[in-house]
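Number of protein chains: 2
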Amino acid sequence: MAVLDIDFTPAEQLDLQDLNQHVLKAEYAIRGAIPMRAEQIQDQINLDPESVPFDRITTANIGNPQQLQQKPLTFSRQVVSVLQYPDMLQHRDALVKSGAFNADALDRAQVLLDKIGGSVGAYSSSQGVYGIRETVAKYITDRDEGEPASPADIFLTDGATRGVTYLLSLLCKGPEVGVLIPIPQYPVYTASLTLYNTTAIPYYLDEKSGWSTDAREIEQQIQGAIAKGVKPSVIVVINPGNPTGSVLKPEVMEDIVTLAAKYGMVILADEVYQENVFSEERKFYSFKRVLRDLQRRHPQVYQNVQLASIHSTSKGVFGECGQRGGYLELIGFKKSVREMILKLASLSICAVVTGQAMVDLMVCPPAEGDESYELDKTERQNIHDTLKQRGELLYDTFQSLEGIECQKPQGAMYLFPRLKFPPRVLEEAKKADMQPDEFYCHALLEATGICVVPGTGFGQEEGTSHLRTTFLAPGTEWIQKWKTFHQDFYSKYNN
Amino acid sequence: MAVLDIDFTPAEQLDLQDLNQHVLKAEYAIRGAIPMRAEQIQDQINLDPESVPFDRITTANIGNPQQLQQKPLTFSRQVVSVLQYPDMLQHRDALVKSGAFNADALDRAQVLLDKIGGSVGAYSSSQGVYGIRETVAKYITDRDEGEPASPADIFLTDGATRGVTYLLSLLCKGPEVGVLIPIPQYPVYTASLTLYNTTAIPYYLDEKSGWSTDAREIEQQIQGAIAKGVKPSVIVVINPGNPTGSVLKPEVMEDIVTLAAKYGMVILADEVYQENVFSEERKFYSFKRVLRDLQRRHPQVYQNVQLASIHSTSKGVFGECGQRGGYLELIGFKKSVREMILKLASLSICAVVTGQAMVDLMVCPPAEGDESYELDKTERQNIHDTLKQRGELLYDTFQSLEGIECQKPQGAMYLFPRLKFPPRVLEEAKKADMQPDEFYCHALLEATGICVVPGTGFGQEEGTSHLRTTFLAPGTEWIQKWKTFHQDFYSKYNN
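Protein sequence lines correspond, in order, to chains A and B.
The opening residue of the first sequence carries number 7 in our numbering; numbering runs sequentially from there.
The opening residue of the second sequence carries number 7 in our numbering; numbering runs sequentially from there.
Heads up, some of the hints might be wrong.
[Claimed, not checked] Subject to a maximum C-alpha distance of 27 Å in a straight line, what follows is the list of computed DSS-like cross-link-like pairs (lysine-lysine):
1) 383/B x 103/B
2) 31/A x 349/B
3) 414/A x 426/A
4) 437/A x 426/A
5) 31/B x 349/A
6) 77/B x 121/A
7) 214/B x 340/B
8) 414/B x 255/B
9) 394/B x 214/B
10) 237/A x 179/A
11) 179/B x 179/A
12) 31/A x 340/B
13) 341/A x 31/B
14) 121/A x 289/A
15) 179/A x 349/B
16) 340/B x 31/B
17) 77/A x 289/A
18) 237/B x 179/A
19) 289/A x 144/A
20) 237/B x 31/A
21) 103/B x 237/B
22) 31/A x 255/A
23) 349/A x 255/B
24) 214/A x 489/A
25) 414/A x 489/A
26) 31/A x 179/B
27) 237/A x 179/B
28) 340/A x 31/B
29) 349/A x 77/A
30) 144/A x 341/A
31) 341/B x 179/A
32) 77/A x 121/B
33) 103/A x 383/A
34) 341/A x 414/A
35) 103/A x 394/B
36) 31/B x 237/A
37) 31/A x 394/B
38) 349/A x 383/B
None of these hints come from the bench; they were simulated from the model.
Everything numeric in this text was worked out from a predicted model, so none of it was measured.
Please take these sequences and the hints and turn them into a complete structure.
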């Protein structure tokens with residue numbers, strides 16, 4: 007029998023003022039107002055397809071390739087399928103004979119199962135399965151043309167974001183700490199800084215020169231922050247750029263490493279688009295490689311530089327977003343600091359084990375001579391080529407339109423064109439209590455079902471307007487619809 | 007060419023004092039000093055099996071059933087295997103004829119694929135796949151004998167911990183906010199409160215009466231906190247208890263709901279062990295069911311009560327820890343507050359999609375008449391019975407030993423016995439700069455390879471000593487070794 011008296015005035019429900027105010031202030035436009043409106047419209051289409059002037063939402067707001075019919079790589083999916091049901095290895099002959107599975111996928115699954123300890127249903131160590139971290143270290147060594155990497159430096163994480171979270175929640179000790187953020191940026195960075203009550207120090211990328219990064223601009227911002235009593239502790243660099251698609255040159259990266267050495271800033275290198283380089287003139291260089299090279303040339307100057315690099319199974323040609331695979335490589339940190347990262351990881355016990363396996367498969371595809379090699383290679387090449395073509399097609403379309411200016415895509419999976427609006431758009435936006443780019447993106451969504459994110463969500467220079475769109479959606483119909491919308495929008499507001 | 011000058015004194019590496027001090031202070035004993043020492047010993051065994059007096063580590067520190075040879079449920083693994091490689095559905099006949107797969111698993115996989123939108127490699131909505139949330143709502147409705155549940159109230163999360171993190175990071179606005187925590191408790195709660203710089207208000211469970219919860223003890227703690235200027239905003243209840251294994255009676259739960267109504271506290275109901283009830287005399291009642299019943303009887307009193315219930319695929323008979331499946335059900339929150347939870351979820355985009363599918367399979371097994379029904383039922387029953395037997399065996403062993411007192415296990419997968427040490431143990435522990443229970447657990451590990459967690463990691467009444475052990479490890483050999491160790495330990499220090 008309950009013992010307490012119920013003769014009291016009940017307390018109220020929680021309201022916004024009772025909550026952590028930093029959560030309230032954090033903004034994440036990728037899944038913000040426009041994508042939410044798009045979900046509403048999708049529900050409306052499901053109930054009554056005639057109620058809107060298009061038959062589906064085109065989700066160009068988020069890099070989610072498999073939502074847009076990109077097929078997963080066969081080999082990796084065969085392997086993870088076996089990991090989920092190892093009993094099928096007892097039916098090896100039937101599986102291979104029927105053509106359902108390649109034999110080398112079954113073999114690779116057995117190797118991975120042994121690394122994992124027998125079941126993807128068991129927690130792994132909090133840093134991640136050791137044998138998978140070995141594979142990642144080998145990949146990094148090869149990628150960086152022989153710069154050694156160690157499994158001890160690799161942390162397997164649920165997607166790349168989790169690595170960012172561990173690092174920033176450890177380094178952000180309050181508003182007196184500053185984190186340099188490129189503008190425009192991927193908004194998970196500013197949102198995290200708001201959550202952790204730490205100061206964002208913006209540095210501006212130069213649109214005119216293809217969104218290039220200028221070390222002198224960065225140093226100016228550093229000095230401005232120091233003058234205001236803020237200590238710059240971290241510099242975030244996204245390479246290839248999100249949302250800009252720009253690919254950094256090694257000499258610019260050297261300058262960034264120099265600033266990190268001079269001011270004691272951790273470099274947080276968001277390198278999740280390292281496989282998405284589409285320009286013939288650019289090549290991806292990792293920050294690790296640039297750092298190691300500088301350390302060889304000037305050991306005294308660069309010996310203390312601390313670098314954290316993140317990568318993910320969600321992008322590249324893998325596009326396995328829903329699998330939540332990723333890793334973090336930590337270079338140059340003191341042991342005591344790394345132990346704190348491990349403690350944060352241990353609080354969520356471990357990253358999803360199949361996601362860890364996906365990381366292994368991403369960085370170690372079938373080798374030449376393996377049964378699955380040709381198919382895997384062809385699938386990877388096709389996805390790469392398709393992305394490149396789609397990016398170029400969308401870029402060419404923007405080039406043909408009035409009021410829109412776009413930098414040529416070098417990498418990643420986004421375009422971030424600038425919109426120059428007639429004065430009437432600015433007036434109408436103001437009336438609707440929106441920024442002009444929000445006004446345009448809302449109108450685009452309502453007219454065509456195309457969902458993109460306004461530049462305000464990424465940060466942009468005062469007085470400019472942009473939008474970010476992925477170039478993942480298949481076909482040309484959506485691009486044609488966008489073109490028509492754009493022309494109508496400009497002729498409507500030009501008068 | 008790099009443009010910056012390198013003629014400067016390089017900055018130092020980060021040190022502990024540069025970090026977020028809340029992270030430094032957070033403690034998580036489940037993966038703390040003793041489990042870390044166990045990992046070292048395991049490495050040592052791998053290098054030189056002769057170097058320690060046992061052949062393996064017995065990990066009884068963490069509820070990780072599949073690490074200890076618990077077999078996953080066949081039906082659910084067949085389904086998720088197909089989700090990873092849907093192309094195999096084209097070979098349906100061969101798969102079924104060979105006996106590798108049951109036909110109903112292939113059918114269920116197709117249903118789930120349709121719900122998910124075709125690929126587990128695409129991000130889902132941040133709240134989780136709608137069709138899976140529908141399945142969860144149906145499960146909750148059945149479990150609570152008809153109390154309706156809605157998919158709109160369900161959030162699919164990466165394991166249960168993520169749900170806890172969302173909620174606490176939203177509600178913990180600073181040290182003026184208090185969160186009631188049972189002592190002993192699962193240490194992720196105190197660790198989170200330390201991270202979020204919020205005040206833990208301990209309430210003590212009564213060991214003598216099988217770790218029961220007393221509402222008057224809780225109200226006393228609430229009033230003490232208020233007197234110190236701390237507002238109690240959340241009460242954490244773990245039912246069945248971790249580490250205590252105790253199962254709450256509905257009348258005690260009614261009192262807790264009454265306190266929540268009176269003081270405006272959110273009830274955070276950790277119900278991850280809801281399937282792990284082993285005592286004939288106890289039955290699991292959900293907080294939701296108790297709340298709805300009270301709301302019917304006294305609507306005015308209970309209308310504002312806010313409840314968050316978490317569940318996970320990691321425990322029960324599923325034991326799918328590495329799959330990171332879980333859900334959070336939110337009851338009675340304002341829409342604006344729920345939107346903030348959704349914002350936090352959207353910052354990590356979505357929970358792993360196969361983990362979401364695992365939740366669906368956990369709560370909706372094959373139905374009577376389905377091809378896989380008998381096998382699935384037998385597997386579930388066997389796991390349940392095995393756990394029960396292992397718990398009882400370990401309990402009986404503790405009963406037979408000097409200096410150890412243990413409450414009869416009612417649920418969960420742990421025992422939390424009390425250790426009464428001879429004075430010499432206390433002296434030796436002091437010399438070793440350890441708590442007495444740490445001293446015992448270290449000695450147990452070094453002598454037998456059995457890894458358990460000292461009671462200090464969970465909180466315990468001043469002057470008492472405990473340890474937490476899972477009862478998942480198979481066989482009786484480890485129990486025999488423990489018994490011998492214990493007897494030797496006591497005879498050594500009794501003199």
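Results of checking the hints against the structure:
As the CA atoms of residue 383/B and residue 103/B are separated by approximately 23 Å, the hinted pair is consistent with the 27 Å bound. Distance hint between residue 31/A and residue 349/B is fulfilled; the C-alpha atoms sit about 11 Å from each other, no more than 27 Å. Proximity of residue 414/A to residue 426/A is assessed by CA-CA distance (about 18 Å); at most 27 Å being required, the pair is judged to hold. At roughly 18 Å between alpha-carbon atoms, residue 437/A and residue 426/A fall within 27 Å of each other, so this suggested pair holds.
For the given pair, residue 31/B sits about 11 Å from residue 349/A by alpha-carbon distance, which is consistent with the 27 Å threshold. Distance hint between residue 77/B and residue 121/A is fulfilled; the C-alpha atoms sit about 18 Å from each other, no more than 27 Å. Taking the CA atoms of residue 214/B and residue 340/B, the gap is about 40 Å. The hint is violated against a cut of 27 Å. About 16 Å separates the Cα atoms of residue 414/B and residue 255/B, which keeps this hinted pair within 27 Å; it holds.
Restraint check for residue 394/B and residue 214/B: satisfied, since their Cα atoms lie roughly 22 Å apart, inside the 27 Å limit. Of the pairs offered as hints, the one joining residue 237/A and residue 179/A holds, with about 11 Å between alpha carbons and a cut-off of 27 Å not exceeded. In summary, the hint linking residue 179/B to residue 179/A is supported, as the alpha carbons are separated by about 16 Å, within the 27 Å threshold. Between residue 31/A and residue 340/B the CA atoms are separated by roughly 18 Å; this keeps the pair inside 27 Å, and the hint holds.
Restraint check: the Cα-Cα separation between residue 341/A and residue 31/B comes to about 17 Å, which is no more than 27 Å; the hinted pair holds. About 33 Å separates the Cα atoms of residue 121/A and residue 289/A, which puts this hinted pair outside 27 Å; it is violated. Restraint check for residue 179/A and residue 349/B: the C-alpha separation of about 23 Å stays at or below 27 Å, so the hint holds. The hinted pair formed by residue 340/B and residue 31/B fails the criterion: a straight-line CA distance of about 33 Å is larger than 27 Å.
With a CA separation close to 26 Å, the supplied pair residue 77/A and residue 289/A stays within the 27 Å bound. Simply put, residue 237/B and residue 179/A have alpha-carbon atoms about 25 Å apart, close enough for the 27 Å limit, and the pair holds. Between residue 289/A and residue 144/A the CA atoms are separated by roughly 20 Å; this keeps the pair inside 27 Å, and the hint holds. Taking the CA atoms of residue 237/B and residue 31/A, the gap is about 23 Å. The hint holds against a cut of 27 Å.
Of the pairs offered as hints, the one joining residue 103/B and residue 237/B is violated, with about 64 Å between alpha carbons and a cut-off of 27 Å exceeded. For a cut-off of 27 Å, the pair hint linking residue 31/A to residue 255/A is broken: about 35 Å separates their Cα positions. Between residue 349/A and residue 255/B the CA atoms are separated by roughly 36 Å; this puts the pair beyond 27 Å, and the hint is violated. Taking the CA atoms of residue 214/A and residue 489/A, the gap is about 24 Å. The hint holds against a cut of 27 Å.
With a CA separation close to 18 Å, the supplied pair residue 414/A and residue 489/A stays within the 27 Å bound. About 13 Å separates the Cα atoms of residue 31/A and residue 179/B, which keeps this hinted pair within 27 Å; it holds. Distance check on the hinted pair: residue 237/A and residue 179/B sit about 25 Å apart at the alpha-carbon level, within 27 Å; holds. With a C-alpha separation of about 18 Å, the suggested pair residue 340/A and residue 31/B falls inside the 27 Å cut-off, and the hint holds.
Between residue 349/A and residue 77/A the alpha-carbon distance is near 37 Å, which puts this suggested pair outside the 27 Å criterion. Restraint check for residue 144/A and residue 341/A: the C-alpha separation of about 22 Å stays at or below 27 Å, so the hint holds. Between residue 341/B and residue 179/A, the direct Cα distance comes to roughly 31 Å. Violation of the 27 Å bound is thereby established for this hinted pair. For a cut-off of 27 Å, the pair hint linking residue 77/A to residue 121/B stands: about 18 Å separates their Cα positions.
Under the criterion of a C-alpha separation no larger than 27 Å, the hint pairing residue 103/A with residue 383/A is consistent with the structure, at around 23 Å. A C-alpha spacing of about 43 Å is found between residue 341/A and residue 414/A, which places the hinted pair above 27 Å, so the restraint is violated. With a C-alpha separation of about 43 Å, the suggested pairing of residue 103/A with residue 394/B is violated against the 27 Å cut-off. About 23 Å separates the Cα atoms of residue 31/B and residue 237/A, which keeps this hinted pair within 27 Å; it holds.
Pair hint residue 31/A plus residue 394/B does not hold up; C-alpha atoms about 48 Å apart against a cutoff of 27 Å. Restraint check: the Cα-Cα separation between residue 349/A and residue 383/B comes to about 39 Å, which exceeds 27 Å; the hinted pair is violated.
Hints 7, 14, 16, 21, 22, 23, 29, 31, 34, 35, 37, 38 from the list above are not met by this structure, while the remaining hints are.
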